[in-house]
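Work out the full structure, taking the sequences as your base and the hints as a guide.
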Amino acid sequence: MKVVTIAGARPQFIKAAAFSAALRAQRIEEALVHTGQHYDDELSAVFFQSLDLPEPRHRLGVGSGPHGEQTGRMLERLEPVLQEEAPDWVVVFGDTNSTLAGALAAAKLGLPLAHVEAGLRSFNRSMPEEINRIVTDHCSDLLFCPTQTAFDQLSREGLAERARLTGDIMYDALLQHLPLSEERTDVIERLKLQPKGYVLVTVHRAANTDDPAALGRILEALALLDEPVVFPIHPRARAALVAANLEPTPNVRVIEPVGYLEMLALERSARVVLTDSGGVQKEAYLLGVPCVTLREETEWPETCGGGWNVLAGTEPSRIVKAAQRTGPTGEPAALFGDGHAAQRMVELLRDDPSHGARRG
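Residues in the sequence shown are numbered consecutively from 1, following this note's numbering.
Rather than coming from a laboratory, the hints here were simulated on the basis of the structure.
Being a predicted model, the structure only gives us computed values, none of them experimental.
Possibly wrong hints are sitting among the right ones.
To be verified - Restraint ranges, calculated between C-beta atoms of paired labels, are given here:
id	residue 1	residue 2	range
1	Gly330	Ala86	44 to 54 Å
2	Asp210	Gly72	18 to 28 Å
3	Pro328	Ala86	47 to 57 Å
4	Leu348	Glu79	22 to 32 Å
5	Asp152	Gly72	29 to 39 Å
6	Asp52	Arg350	15 to 25 Å
7	Arg125	Gly306	25 to 35 Å
8	Glu76	Gly197	48 to 58 Å
9	Asn251	Ala86	52 to 62 Å
10	Gly197	Gly330	33 to 43 Å
11	Ala239	Glu55	25 to 35 Å
12	Ser317	Gly197	17 to 27 Å
13	Val242	Gly158	41 to 51 Å
14	Glu297	Ala86	33 to 43 Å
Positions of the beta carbon are idealized from the N, C-alpha and C atoms, including for glycine.
Next comes the structure, spelled out in structure tokens:
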């Protein structure tokens, strides 16, 4: 059996690493395609180095651009790759433009398609990621759901026959890499941070970076926090700050993007995490660290249970109140599986009756 996996953005590399390890364990051939959606070395190459990802068989080098242009270039370059590889399955991850392009290319060629992290919905169709999720789910032959909430959503959309409750592959990755994070990173010491003595913030969603007013409100909230703030800055956020002539206050320490292992270390030792990233919300939850989401909705509603995650949008007073709240006690509920999601997915691909078939 041959599987083509398609990735191009930071969160997808993390998922792809866990999935690739499960493929190797089953001695299944993988052809990894890197679309080049994340073209910054710190957001891409470092993940291959630190996560034991195989070298991509194909690098499309698409780079940045408007959504339509970027997705179109991916489609154009993916089609001949998929025709050359002729895989038994195409596997896409998450909700990026790489996900959408991979799904459309496979569907147009009649190749069996599986979607990892299916069934997530923020119910905000102004987010490009929401459109990507919906279209990909409805194109796919197998839908790997990380939670019961995601499975139930697909059932409501008439997709229950294709849906499988597998658990969350990001939980697999976290369990696999947390010990390595402790052994191989010194980011806490290097930055002279006190464990539980700082706030960690990430901002990358277009709704926040492309709106100078929203970005300004987030910086205002950070200025009101009477404690150190660590801000590993996404290239999109850096460009937005420069374009809007915005500058963080002295309590905000802007650092270069970090790899996955260092990010886990920063998340685990933070007092609270502020983010607009779905993946970071979930990692904070799994690590038992309180989170504030800089959006009005989340595709991971499970993280809000027990008060672990609070939706605050970009209003400074709401952000500060949520960041300064008393955190929950005890452990978060176990809602994301048992840490063997990738193995379960690979077994489902191997045993599916459509294995090796082409759609009509």
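Next item on the list: Go through the numbered hints given earlier and state which of them the structure violates, listing their numbers in rising order.
Entry: Of the numbered hints, just 10 does not hold.
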